Amino acid sequence: MSERLPMAGQGPDAEAPPPHAAGDSGIDERGPVRLESSSVRLVGTLAVAGALAGLAIVTVFQWADPLIEAWRAEVLSAAVTEVLRGAERYETVFLTDGGFTATPASDTTDLDRVYVGYGAGGEPVGVALVGAGAGFQDVIRVIFGFDPETGDVIGMQVLESKETPGLGDKIEKDSSFVREFHGVAVPLVGLKSGRETGADGEVTMITGATISSRAIIDIINARLSEVGGAVEAFWATSPGGGG
Amino acid sequence: MSPRQTTPQEVFLRGVWRENPVLVQLLGLCPALAVTNTVANSLAMGLATFFVLLGSSTLVATFKSWIPREVRISAYILVIATFVTIADLVLNAVVPEIHRALGAFIALIVVNCMILGRQEAFASKQPVGRAILDAAGTGLGFVIALTMMGGFREILGYGSFLGVPLFGPDFEPWIVMILPAGGFFALGFILLLFAWWEGRKVETVRPRHWPHSVTSEVVGAEGGAD
Numbered sequence: 000m001s002e003r004l005p006m007a008g009q010g011p012d013a014e015a016p017p018p019h020a021a022g023d024s025g026i027d028e029r030g031p032v033r034l035e036s037s038s039v040r041l042v043g044t045l046a047v048a049g050a051l052a053g054l055a056i057v058t059v060f061q062w063a064d065p066l067i068e069a070w071r072a073e074v075l076s077a078a079v080t081e082v083l084r085g086a087e088r089y090e091t092v093f094l095t096d097g098g099f100t101a102t103p104a105s106d107t108t109d110l111d112r113v114y115v116g117y118g119a120g121g122e123p124v125g126v127a128l129v130g131a132g133a134g135f136q137d138v139i140r141v142i143f144g145f146d147p148e149t150g151d152v153i154g155m156q157v158l159e160s161k162e163t164p165g166l167g168d169k170i171e172k173d174s175s176f177v178r179e180f181h182g183v184a185v186p187l188v189g190l191k192s193g194r195e196t197g198a199d200g201e202v203t204m205i206t207g208a209t210i211s212s213r214a215i216i217d218i219i220n221a222r223l224s225e226v227g228g229a230v231e232a233f234w235a236t237s238p239g240g241g242g
Numbered sequence: 000m001s002p003r004q005t006t007p008q009e010v011f012l013r014g015v016w017r018e019n020p021v022l023v024q025l026l027g028l029c030p031a032l033a034v035t036n037t038v039a040n041s042l043a044m045g046l047a048t049f050f051v052l053l054g055s056s057t058l059v060a061t062f063k064s065w066i067p068r069e070v071r072i073s074a075y076i077l078v079i080a081t082f083v084t085i086a087d088l089v090l091n092a093v094v095p096e097i098h099r100a101l102g103a104f105i106a107l108i109v110v111n112c113m114i115l116g117r118q119e120a121f122a123s124k125q126p127v128g129r130a131i132l133d134a135a136g137t138g139l140g141f142v143i144a145l146t147m148m149g150g151f152r153e154i155l156g157y158g159s160f161l162g163v164p165l166f167g168p169d170f171e172p173w174i175v176m177i178l179p180a181g182g183f184f185a186l187g188f189i190l191l192l193f194a195w196w197e198g199r200k201v202e203t204v205r206p207r208h209w210p211h212s213v214t215s216e217v218v219g220a221e222g223g224a225d
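Here the protein sequences line up with chains G and D, keeping their order. So for the first sequence, numbering that gives the first Met the number 0 puts the first residue at 0; every next one is plus one. So for the second sequence, numbering that gives the first Met the number 0 puts the first residue at 0; every next one is plus one.
Worth double-checking, as some hints may not be accurate.
[What the hints assert, rightly or not] Some chain D residues judged to face chain G by a derived CB distance under 10 Å, without partners named:
no., residue
1, 61
2, 62
3, 73
4, 80
5, 82
6, 93
7, 116
Calculated from the structure, these hints are not laboratory results. Predicted model only: the values in this text are computed from it and were never measured. Just so it is clear, CB atoms sit at the ideal spot from N, CA and C, and this is done for glycine as well.
Assemble the whole structure, with the sequences as input and the hints as a guide.
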């Protein structure tokens, strides 16, 4: 308001802070546009604006967060059911001190975890693991089902990838490639189309997407060599889990 | 100053067409190139930007007399960043699949120079109503430009529009159109069309309004008066 009045600084100028620094007043009385505001006003304006902005964001976050969490859980649940083919429900188990447990003592936020799937009759059908590794463009995240009893991969689904559209993204969209992971023994071996020998653990890679295909195979192998032993140990001791 | 005020319609339509942010001012090209590989992504990006621009311009125009000149840019950025964060959260909660496809580009709306430009050039100097019209026009222009890009690229790159296949199974998609290079091709082609269209109009209009003898006089008079 005061900036627009030609006689600023005299009348209803409530916004001007009373204690002027020396030399400040000259500018204030002359120009219609005040070029120097006191530091208090500058900091105060931004602080108030920042506080209001924070309040607005927190309000929206309070509303959005449960929805986002629910969506994540839904995606995960759908993925676990998909890669364990036949699982009715699943239970999260956490890695503590080299072993898996369903009820860890500490906070679970940062713990490594896998998902144990149970069939319709309550019998465990396998374990779903999430692994990540470098693809052709960016990190690929996959979830895959693993049967500790037979040592087979049960199924695979890509959770996140930025592979080349039309070529590398066939790792998600090409159903014949996804089916390659149904019941295949680990460690997986990637072979180019036409070179299969029929041995266990063979996965036929996608022509034109060899790097992306191999990335998936490497991610699964790496993840299993990392925690496969602990998963098998947990499986052997868990109720109904073969042991 | 100008002899007459521009009408509200002019304020609104200027951003939509004559000064379209992408097609004429060439602002906001980063999202226009990066996320326009499908119509759905383009629409989501355009509407998110529209929302941020409208919200920011309204707030900046409302509170312009309270914001000290020295910190105005910081204040504008703060306002813009708040709206972007809200848009990000809302998209993530309501359309998570599209939010995933847009990735970091939602957060990057903060640095879209088109939005900051409208605050500094228009909203901070004009009444609230005109600022809202200007923001709505510019935002709509951005949505239109992005949707044109998205339509062009999705039809050629996937053979579909909004996910609905347009051609038979024999269609061989132009994969390059959905890759980053396709963004440049599409933008170049659309700019070419736009410039040709506008240029054609100017050619036909100019002789009627400004005969050569008058033009020089007018220019001379204006120069002297200033």
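Here's how the hints hold up against the structure:
{"no.": "1", "hint": "61", "in the structure": "violated (12 Å)"}
{"no.": "2", "hint": "62", "in the structure": "holds (8 Å)"}
{"no.": "3", "hint": "73", "in the structure": "holds (6 Å)"}
{"no.": "4", "hint": "80", "in the structure": "holds (7 Å)"}
{"no.": "5", "hint": "82", "in the structure": "holds (9 Å)"}
{"no.": "6", "hint": "93", "in the structure": "holds (8 Å)"}
{"no.": "7", "hint": "116", "in the structure": "violated (20 Å)"}
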